[in-house]
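Could you fit the two chains together into a complex? Lean on the hints.
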Amino acid sequence: MGDEVLLRMTGISKAFPGVQALDDVHLDVEAGTVHALMGENGAGKSTLMKVLAGIYRADSGSIELNGREVNIPDSATALGLGIAMIHQELSPVPAMTVAENIFLGREPVNRFRLVDKRQMVANARAVFDRWQIDLDPRRVMKTLSVAQMQMVEIAKAISTDARLVIMDEPTSAITEREVEHLHRMIRSLRETGVSVIYITHKMDEVFKIADKVTVFRDGRHVATLPAAELDRQKLITLMVGRELTHLFPKEDVEIGEVVMSVRGLTRHGVISDITFDLRRGEILGLAGLMGAGRTEVLEAIFGVTKVDAGEIVMKGKAVHISSPADAIEAGMGLLTEDRKLTGIMGVLSVRDNMTIANLNRFSPGGILRKRQMEVACQGQREALAIKTPSLAQLVRNLSGGNQQKVLVSRWLLTLPDVLMIDEPTRGIDVGAKSEIHRLMSGLAKEGKAILMVSSEMPEILGMSDRVLVMAGGRITAEFSRAEVTQERVLEAATLVAPAA
Amino acid sequence: MTAAAPKTGGLLTRDTLTAFVRKYLIVLIFLAMCVLLAIFSPNHSFVQGQNLINVVRQISVIGLLALGVMLCIIAMGIDLSLGSVLGLSAVVTASLVQQAGWKEALYPGFAAPFFVAVLAGLAVGIILGAVNGSLIAFFRIPPFIATLGMMTIARGLAYIYSNGRPVSTLIPDFLFLGGGDILGIPVPIVIFGTVIVLTHLMLNFTRFGRHVYAIGGNETAARVSGVNIGRTKILIYTFSGLMAGLGGVVITARVQSATPALGMGYELDAIASAVIGGTSFAGGIGTVWGTVVGALIIGVMNNGLDLLNVSPFYQQVVKGVIIIVAIIIDERKNR
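From first to last, the protein sequence lines stand for chains C and Z.
First residue of the first sequence: 246, per our numbering; consecutive thereafter.
First residue of the second sequence: 10, per our numbering; consecutive thereafter.
In isolation and in its complexed conformation, chain Z is listed as follows (with noise of 0.2 Å):
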């Protein structure tokens, strides 16, 4: 093979390796990244003992948040509401499984089996999201205003239902998913790598799936094409919202207590996930694959800096980079 050819012969020519590149380049920044740590992290903190799964399961609810956000995404959307939702949720479940015995609990003397706690936290999602969804298809309301108008308002919510106060003292049984092993893995991973499979599924072999990313490519040929733009809006946030609130029963039982203050800011480090995967703002582009990938980046780079001991104030500068390049690569790629 010589330079003069490029294009003929094995498998590794220029174009093939370009093309290779190109599609795994979020996987090959994040593996870089991991084994740069891997080597300057002190002592090789970052492969010892427990590190990497706990950043697994510490982005395992931005994860979730950032699935639901992606669909938004994809369909030309934005779910601002997520972090507010996801309070709501986590203060909603919570008082349903407090002890008991617990003086302070917000209905003392109470405790629902934990299952219709995480049923409550779910609905709180879905009606949220679903709201959200009709007032874009229905009323038009650009994605933008009526899901930061949601962010407040849910927001409002968590802190009235909770008269403001942390919702704490937890029954044992519902701390198991937050804490808890099923075959040695977390809890948390084990819901988190769920919905992953399951939303892929739902993206890539269901009609609904296809639907979202016709209305991204261009909503006009999507309609004429016979597809129910407004029902598929509000299954999308009703989706983002279900997410919003299972990342509220995760978080809650992982922090074994709710306040309602909690998820305040998720939804961007959610939406940059999505966005450092490769889901596009200008519509019909993003996998699940790739926003995981863009979660764990995330997660990494937070675990990594620490572990440098890079002051959380500079975190943040470089975090805001790294969203800023991700999208300088994506314009690029689509130009």
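Okay, chain C solo, but in the shape it has when bound (with noise of 0.2 Å):
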């Protein structure tokens, strides 16, 4: 087995607004093997096997299964053609039993054509026992952890008796034992003929189960080789191996005193001692894996979530911060990583989204100092270049970049001393990302402390004084601006560190 070509795709190309995720990818998979598919955050190895599950529709390209040319417009196409995903955030119904999640919308049904649940349950049980899986089919699936509920989708894909299956990190969420039950159930798997796309960061596992590697990198297909030929460092090389150029201008400004010191943060099972120093005039970069802990630790500095240990000073006194309002009051400010979702409010005015966080520093005894407001907001409007036709637009109306600003407005308005940002130019376009970098360099000119976390490589390496490396929710290395490279980065970020 292994020779038979069972998925080919070929000139994949995908767009999104303001980034190309996908440029004349091909990929080949042959029936009865475990390939492992590689690369940074936004290489596109998600986009791709979306395309491929029916999630996305490519702008360009073809899909032959088995020497067949087909279309998939949507994911039912995509089961019936034998293509199951396992996403990385699970679906399930969390109030149906097991049984019912596995035959969701296929229902076995007895002759009055109501549902037979009976019958479910026992197709159930077979499954669970071919591959041996120990599960009742009629528990609750809220009841299960994450890890079982895993073992469900999978079961799920199994028994639509798919011949490609893909996992899309599987492994970011379940203990070791777990994994080495994956990793049986897996071998099976390819065992019976099933192809199996491995999406995953953690190079030990990819060692370990998989017969090709594709590494991508920016969208495109660098290489495809088979697991034995290659070593952890080769792996490296291949995913980073980009030319570097200088789109992100960090000036060189004197670095001032140290203004906030993080010491020995930890919330359990999230992230785990972390200690840092920040300083006037600094940008660091806090880079890493998605799920590596990373804005969870902006969220339990700024007071977002509860912190088991750990202390927090802030130009030299120790502060206690229990929610945002008072890390505002400290002096902090936190641009959220998810624009729509917790930055940006659509149905209000550009006016009220710049002055919800600093209200207070315009009204004494509660009542609004409406002129003062309108200056700052104003002052704000030409000092950052935000294209609105005025300051009562809905904020939803703006360009991401210029909703972008409007936040950095709100933020810069409260007069910290320590701004935090998360993704500062997530889903932004070229030219709107070159200002919010200026815009940063700016801050930090001014004696501003910047603490930055982004997925994006040339971010990192672009813009930080100094980087922090983060993965399992610990910090695993720092660089100096000098040190830092790729190679180095990455090597941190995939370093499995013991669980948090």
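What the hints contain is simulated information worked out from the structure, not anything from laboratory work.
For each residue, glycine too, the CB sits at the ideal point set by N, CA and C.
A hint or two may mislead.
[As the list claims (entries may be wrong)] When the alpha-carbon atoms are kept at most 25 Å apart in a straight line, the in silico DMTMM-like pairs for lysine to aspartate or glutamate are as follows:
(1) C:Lys632 <-> Z:Asp24
(2) C:Lys615 <-> Z:Glu228
(3) C:Lys585 <-> Z:Asp24
(4) C:Lys551 <-> Z:Glu228
(5) C:Lys560 <-> C:Glu723
(6) Z:Lys32 <-> C:Glu619
[Said to hold, decoys possible] Computed Cβ-Cβ distance ranges for the label pairs, DEER-style:
(7) Z:Gly202 <-> C:Val503: 54 to 62 Å
(8) C:Arg302 <-> Z:Leu210: 48 to 56 Å
(9) C:Val360 <-> Z:Ile136: 46 to 54 Å
(10) Z:Arg240 <-> C:Gln478: 40 to 48 Å
(11) C:Leu349 <-> Z:Val44: 56 to 64 Å
(12) C:Arg614 <-> Z:Val56: 41 to 49 Å
(13) Z:Ile136 <-> C:Arg508: 40 to 48 Å
[To be verified] Looking from chain C toward chain Z, a few residues come up when the C-beta cut is under 10 Å (computed):
(14) Ile378
(15) Phe547
(16) Ile612
In structure tokens, the structure reads:
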């Protein structure tokens, strides 16, 4: 087995606003093999798989299954063709039983066209027995652990008689022992002739179970090689081998005194013993793969989530932060990662969006000083060159880049010493990107300290005076601007850290 | 100006006209209703004598409730207990100002000064509203459920308190609040007008007001921006309860007695007023003037359909249609 090509994707391209996610990509998967897809965040792995599973439509390119060209407009078609995808974010129906989840949308019925529950449970049990999954099909989904839910998802995929199972980072949320079980299942799937496409960031897993490895970078296919011909170093080189362009102009400015110190910040099971100093004029980059705990660090510092241990010192004074209001009071600002979900208030005006975090400044006694607010907002609008017909414009009518600038204004108007920015340029077009970068550089020059989380390597390397790398909820490395390279960051980010 | 270049030139371009109509659509509809009724009502009775004043006086109670529920809706909540809280406030208020000589009074031989009764009525609203808010903020009960529970609790309390009987024969000092004039304007309208102005100021010129809109606009973003979500929600429902309490006082003084069934279903007219006035269930959107116009539309509609001799059965259907059409217009505007 392993010679016959099951899947052939050729010339696949897919663009999203502002980014070419896939650029003329090809991928061959042989029947009965485990094929690992690797690459940094945003390399295009998940996008390609979503095209294959009928979730996205490619702009161009063709897909062949067993030598026949197929068209996959939706996920039902993909399932019909024997392609099942297990997503990184599981999406079970929590209130239904395991069996009901497995047979969702294809429930067995009796002669009255009513759902035959007994048959359904029996069918589920047969699948579980065959794959040695120890689980009662009658249990309610929400009572299961993450690993068990994943097993259910896999059972669901197998029970559709899939020929090709796609797993998107299946081990990001499960324990070592559960990983072993998962790998055993994958091997027995392979023996029955099923192909598995396995997206992962963990290198040792690749060498354990993959037959072949394909590496993507920036939406392009880099290489496909047998796993046996690769080692860790080679893989890293393939993943990062990019020309660094000087798109990101952090100016050199004098680094001042320490303004914020974080000591031993811990939230059980999420982040562990986070310790660092942040200085005036400095941009400190926080790098790592998805799920490494970077956003969680910002949220813990800012009082969005509770911490179990740790201390924060602002300008030499220990501060107790139990809510975002405390953090703002202490001189911090936080631009969140997801602009739509946790940033903008779409149906409110630019003015309202700019002032919501800093109303205290403009309202002694609770009464708003409208004229002062107007002057401050106009000042921000000019200083940041925010393109909007007026301050009364609804913020949802602005472009992504301008929305981001409005959010920067929101925090600048709180007069912060420390600005934490999570993914400063996600989903923003190239022109606006460099504007945001220039803006950040300017803020550092004014003596603000910036803590930046970014999943874009060039942004991390270009903007940071110093880089902290996280993996598994811990800081695994620290590099100065002079020391930092893509290889070093990726090496530290893929270290298998002990669970936090 | 030519059709090919509609964006250039004077004040009355197609774009500015569309924008104007969009913004003031609800006012235009209201004016159109008034004009049509003035022309078509028998003997032009819509604009005769005291009719218009009566319309406004009639909507003043619903209008108060509408302002209360508007805050809840802006913050993506709802208050279904308004009518019941109004009922409880009414019987409590009335019981304290029954004439001392009245043998069947709840407290025979007792009559408090009218302002004590008023404060008691307001307190009923404030307390029950604060309970609503606390249930929503601390126990994370969906506003629909919390206030649905309060709706039957308050109604039950009103029956218990009054033994299920009307509370009547009230002192004249108190009745002034319902039937008196200040500078020729009926007192209920004066009260309503004052509350309109204060609510507008509160929403637009205080920190609290901006927090209300922010919670409706994006609660998570508001939280990250340092807004105290729990406290703000408690204040919102307390304000809503206060409006119901005040409504109970005003309506008792106007109809000169209180029954425990008073205000049944008023919350629905109040919600309808807010929604017709452009308050959005998606949160973050709603204005005081819009809600007031919404209440006026409901009042004029009721009054006009009466004058036109439309059967009350049909009136209900018409009212329902108007509410749904208002929502459809709102949805399209927000797309």
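Comparing the hints with the structure gives:
For the suggested pair Lys632 (chain C) and Asp24 (chain Z), the alpha carbons sit about 21 Å apart, so the restraint of at most 25 Å is met. With a C-alpha separation of about 23 Å, the suggested pairing of Lys615 (chain C) with Glu228 (chain Z) holds against the 25 Å cut-off. For the suggested pair Lys585 (chain C) and Asp24 (chain Z), the alpha carbons sit about 29 Å apart, so the restraint of at most 25 Å is broken. Proposed proximity of Lys551 (chain C) and Glu228 (chain Z) is supported: the alpha carbons are some 18 Å apart, at most 25 Å.
Among the hinted pairs, Lys560 (chain C) with Glu723 (chain C) is consistent with the structure: their alpha-carbon atoms are about 23 Å apart, no more than 25 Å. Among the hinted pairs, Lys32 (chain Z) with Glu619 (chain C) is consistent with the structure: their alpha-carbon atoms are about 23 Å apart, no more than 25 Å. In this structure the supplied range 54 to 62 Å holds for Gly202 (chain Z) paired with Val503 (chain C), their Cβ-Cβ distance being about 58 Å. For Arg302 (chain C) and Leu210 (chain Z), the Cβ-Cβ distance of about 52 Å falls inside the hinted range of 48 to 56 Å, so the restraint holds.
A C-beta distance of roughly 49 Å is found between Val360 (chain C) and Ile136 (chain Z), which places it inside the suggested range of 46 to 54 Å. With their beta carbons about 56 Å apart, Arg240 (chain Z) and Gln478 (chain C) fall outside the hinted range of 40 to 48 Å. At roughly 57 Å, the beta-carbon separation of Leu349 (chain C) and Val44 (chain Z) lies within the given 56 to 64 Å, and the hint holds. Range check, Arg614 (chain C) to Val56 (chain Z): Cβ separation about 44 Å, and the 41 to 49 Å hint holds.
Our hint of 40 to 48 Å for Ile136 (chain Z) and Arg508 (chain C) holds, since their Cβ atoms are close to 46 Å apart. Because the beta carbon of Ile378 (chain C) sits about 35 Å from the nearest beta carbon in chain Z, more than 10 Å, this interface hint is broken. Satisfaction of the interface hint for Phe547 (chain C) is found here, the shortest Cβ-Cβ separation to chain Z being roughly 7 Å, below the 10 Å cut-off. This hint holds: Ile612 (chain C) has a C-beta 6 Å from the nearest C-beta of chain Z, less than the 10 Å allowed.
Of the numbered hints given earlier, the model fails hints 3, 10 and 14; all others are met.
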